[in-house]
Amino acid sequence: MDVPLYLEPRLESRLVSLLRARTFLHTLAGGLGSPLNVLLPDRIAENLAAFRAVYRRHHLSGGIHFAHKANRSSALVRRLAATDAGMDVASLGELQHALGSGFAPDRILATGPKNTAFLWLAARSGATVHVDGPGELDELATLVRDHHLPRVRVLLRLSGFRAPGVRLLTRQSRFGTAEGDLDGLLKSVERHGDAVELTGVGYHLDTTSPAEKAVALEGCVKALDTCRARGLTPRAVDIGGGFGTDYLADGAQWQRYTTELTNAALGTRPPMTWRRHTYGLRNENGTLRGALALYPAHRPAAGAQYLDELLSLPAPSLGRPLATLLLENLYELHTEPGRALVDQCGVTLARVLEVRRTEATEGEPAARGRTAPDHLLVRLDANADDIGLEEHGVLVDPVLVPRTARPVPDGGPVAVYLAGNLCLEADMITRRAVHLPAAPHPGDLLAFANTAGYCMDFSADEAQRQPVARKVAVWQEGAADGPGQEDAPWRWCLDEQYWPHLSRRTKGTA
Amino acid sequence: MRFERITDAIGNTPLVRIDPSVHGLRTIDLYAKLEMLNPFGSVKDRAAWNMARQGLATAADEGRTVVELSSGNTAKALAVLAGMHGVPFKTVTNRMRIPEVKDLLLLLGAEVEELPGQTECLDPTNTDDPLTQFHQALSEPDGAYLYTDQYYNDRNTQAHVEGTGPEIVKDLDGRAPDWFIACVGTAGSSTGVARVLREHDPRVGVVGLVSHKADFVPGIRTIDEVQEVGLFDPGTYDTLASVTVDEALDGMLTLARRCGILAGPTSGAAYFGAVRYLRELDAAPAPGPEPDRPAERRTAVFIVCDRIESYLGYVRQRRPELLGRPPQPNSPATLTDAEVRAAPDIDVEGAERWIERERPLVVDLRSPFAYAALHIAGSVNIVDELFGELVRGGLPFSKSRPVLLACPVGEQSARYAALLTRMGHPDVRSLRGGIIAWRDAGAPLVRE
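Which chain is which? The protein sequence lines are Y and W, in order. Convert by adding 76 to the 1-based position in the first sequence; the result is the number in this note's numbering. Convert by adding 15 to the 1-based position in the second sequence; the result is the number in this note's numbering.
In short, the hints are calculated from the structure, not lab data. Just so we're clear, the structure is a prediction, and the values are computed from it rather than from any experiment. Note that beta-carbon positions come from the ideal geometry of N, C-alpha and C, so glycine has one too. Careful, some of the hints might be misleading.
Computed list of lysine to aspartate or glutamate pairs in EDC-like fashion (alpha-carbon distance at most 16 angstroms, straight line) [as the list claims (entries may be wrong)]:
#1 W:LYS105 / W:ASP118
#2 W:LYS414 / W:ASP442
#3 W:LYS228 / Y:GLU336
#4 W:LYS228 / W:GLU243
#5 W:LYS228 / Y:ASP326
#6 W:LYS185 / W:ASP164
Residues from chain Y shown here face chain W by an in silico Cβ test under 7 angstroms; the list is partial [stated by the list, open to error]:
#7 THR218
#8 LEU219
#9 ARG238
#10 LEU245
#11 ARG250
#12 GLY256
#13 LEU258
#14 ASP301
#15 THR302
#16 GLY318
#17 THR338
#18 LEU403
#19 GLU408
Stretch-level coverage of chain Y by chain W, calculated; a stretch enters the list once three of its residues show a Cβ under 8 angstroms from a Cβ in chain W [as the list claims (entries may be wrong)]:
#20 190-200
#21 222-234
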């Protein structure tokens, strides 16, 4: 067969150590069922420390607010409560969770679409509200007055920034107030001066492009100057999240894989996917059209490093590096990393129920006279909503955790499709053939690494009364940096039982 | 050579032999087709003129705008041509990563739009990519656009079938070269030239060069991206090979420093790819004499597609050492850590008293934008970059007057205080903790 098209996950030391602990993982999944979400709360503190280091390098202060929506885990939120992190909550439930996990309200930022109960509790508790537009500001001010609440700190979410010279197009967003309408918005702020206190402005752009963000960041600094000129005293720019995660160990594998996807879409190689799915590419008279609808899973600059590079970019019209621009205008920087802060923080385990052979004709008509090779269909005791990698366009291979230690058979790598436990044709955990070093056996576990950001429980539900994955927090005993610590024994507790005093580690407390 | 119009100067570019001592090939003569000498600076002048000339004649009267998806040379040529005909030009791209080219396009009067980057949160319901939407907008009925469509327009290829290809044959005394090597962008030049050469001699070997997938070489596509080009037909090429940025820059340096050909990195990629490919053939035994070919010596041609000037920023980013300068005297870079630690400074309270008593010159090193917003009353603003330039030539103010330097957190001002002390200023101090400490201490800041 062809060289296997692996997409090996990037695994850093903690995850490597966890996935080596085969007996431990089987004991957990044996007791708590499949699927099972395993979280590493200590890692989130380390990721936070990496972000804080970038702040320090640029002499910036301000909040690093974890975007709670990336994961429902209590362990992660409580672990962060023991650091200097802030919390970005986007619902009433998340706000309650943050408050109950140890976040004082001055560390909480309420964002996203809000209902009245969410607004009330945010205002009552004293969280900062990231206001989407004049309507929300009016509603908030009315609540404050009607209920005699303390003055609420607000940030204004802006959008539609204009660049000088070359016009940078930006995807239309449902959120925020156009930069051009700032004057009207500030009139509202001034009118509601008894009820709200403006502390800054921000943006959130759904793009991987630092150039677009540079335009928005500079736009915010200019907007703050407008605020100052009107006698307001804001002090922060909130640049949202979107710093990304690098999921893959090997960039060359990603490049080879996407080239083969292109060839498959053009029909010049056998299909690599169930029912010839092409991830958004299409063939029009021999020319490739469409765009690859995938998360850019290989990201040389992701997370804190992406932030560093963004802050080092020159402001499009003022010319200074963005970090310098913030610093010399005496502004704080707020960030809301979600996915990037939970990088390497979790694994989803799923048990193999059945392994059977599919014929090439079953899902895949042969392409241009070339026969597609046979594949194995592996049915897992989990469904596509439990493991959201495919849903979020993240292509990465699972790691096989065999039930018993056994030698790798000679058969060599196998291509498998991973199907879920729902009685639905669409319930495929991968729509692509995944290459594994050897065929799995029933009873083995497949570990999906790095699912903690949006791919763990974002869409999990109890369809067909299949249980939603339980969550456990795991940690290793001993000092974090001690030699040989990779193989220190693992401890665990249920996610809801976790509190930071359990894993007393020194590193990453930020 | 006398022309009526600048467009008459398009084409008829020289074919220049590369000195064998540079490329080291024993049995192969390597020629460079200097498309960089077209009037607007690149091989794209031919395609742009051929695609636009018909429509341009009436476009102004019809109120049309010329539109293209181009990140560089095609846009440059079209901007000039459209401007000469009094027609607006707009380019839309997501590939423009050369800042000098952007500025040049704006200077030429073009409107430049950049497409948004990849989405960070995948939206599976959003199947239309920005380019598809762009094409839909262009194909609306009664659209006021003249869309040159370089990736699909046969007139792009045709420009090379009628011009570039025959010129090469003519300059080789009526023969086709044994090999033709070209970088693949729109595939227009490689397809058009290959067609002409093969009509002359079907044995011509055609090598297409693409960019290494993880790299960005301006004007070339990667092996996947060429599949998005309507003019691209894999059958045109006997070989497709990729070139990395480093290889392209190596090639560019060789062309510039050893051949006197001031060409950009794409041309460097073509040269590097050509020599790499030919070296293996050169080592093989030379073919025996054939009736219509002289024995032993064979020829290869590659295209030099544009000029070097626009790519200084690109080089600075990837090979800063090539633009290295000797260390400057009086530069903060020459300070030792000990000197910086020993820099005289003063805290906010002390500084307030000092200003009151001795009226030092207060220099705010932040940008004018930040200075205008809030600053210490009576201070002057000399932004750090400019201050660095000033002190290079010597002390910019009298030793008789004390100086207080201020920056955001007191780090940069400490460096300059150390430097000025070393340069002999008797009383210069850095504001400890900077303007931020000043603000946090509640000391007054003014906005004028």
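### Query
Given GLU408 (chain Y) was flagged as interface, is its beta-carbon under 7 angstroms from a beta-carbon of chain W?
violated, 10 angstroms
### Query
Does the alpha-carbon distance linking LYS228 (chain W) and GLU243 (chain W) stay inside the 16 angstroms limit?
holds, 15 angstroms
#### Entry: Restraint outcome when LEU258 (chain Y) is required to lie within 7 angstroms of chain W by C-beta distance
This interface hint is violated because 16 angstroms lies over the 7 angstroms limit.
### Task
Have a go at the THR218 (chain Y) hint: is there a Cβ in chain W nearer than 7 angstroms to its own Cβ?
Result: violated, 32 angstroms to nearest chain W Cβ.
### Message
What's the verdict on LYS414 (chain W) and ASP442 (chain W), does the C-alpha distance respect the 16 angstroms limit or exceed it?
### Response
Given that 16 angstroms is the threshold and the Cα spacing comes to 8 angstroms, the pair holds.
#### Entry: Residue hint ARG250 (chain Y), partner chain W, criterion CB-CB below 7 angstroms
With a minimum Cβ separation of about 11 angstroms from chain W (threshold 7 angstroms), the hint on ARG250 (chain Y) is violated.
### Query
Would the stated hint for LEU219 (chain Y) survive a check requiring a Cβ distance to chain W of less than 7 angstroms?
Interface hint status for LEU219 (chain Y): violated (30 angstroms vs cutoff 7 angstroms).
### Message
Holds or violated: the hint that GLY256 (chain Y) contacts chain W, with Cβ atoms closer than 7 angstroms.
### Response
Hint violated; GLY256 (chain Y) Cβ to chain W Cβ min 18 angstroms, cut 7 angstroms.
### Query
Within 16 angstroms, alpha carbon to alpha carbon, are LYS105 (chain W) and ASP118 (chain W)?
holds, 14 angstroms
#### Entry: Status of the hint placing LEU245 (chain Y) at chain W (closest C-beta pair under 7 angstroms)
holds, 5 angstroms
#### Entry: Within 8 angstroms of chain W (C-beta), three or more residues of the region 222-234 of chain Y
Violated - the region 222-234 of chain Y has 0 residues with a Cβ nearer than 8 angstroms to chain W, which falls short of three.
### Task
Mind taking a look at whether chain W covers the region 190-200 of chain Y? Criterion is 3 or more residues with CB to CB distance under 8 angstroms.
violated (count 0)
Consistency note: the structure conflicts with the earlier hints numbered 6, 7, 8, 9, 11, 12, 13, 15, 19, 20, 21.
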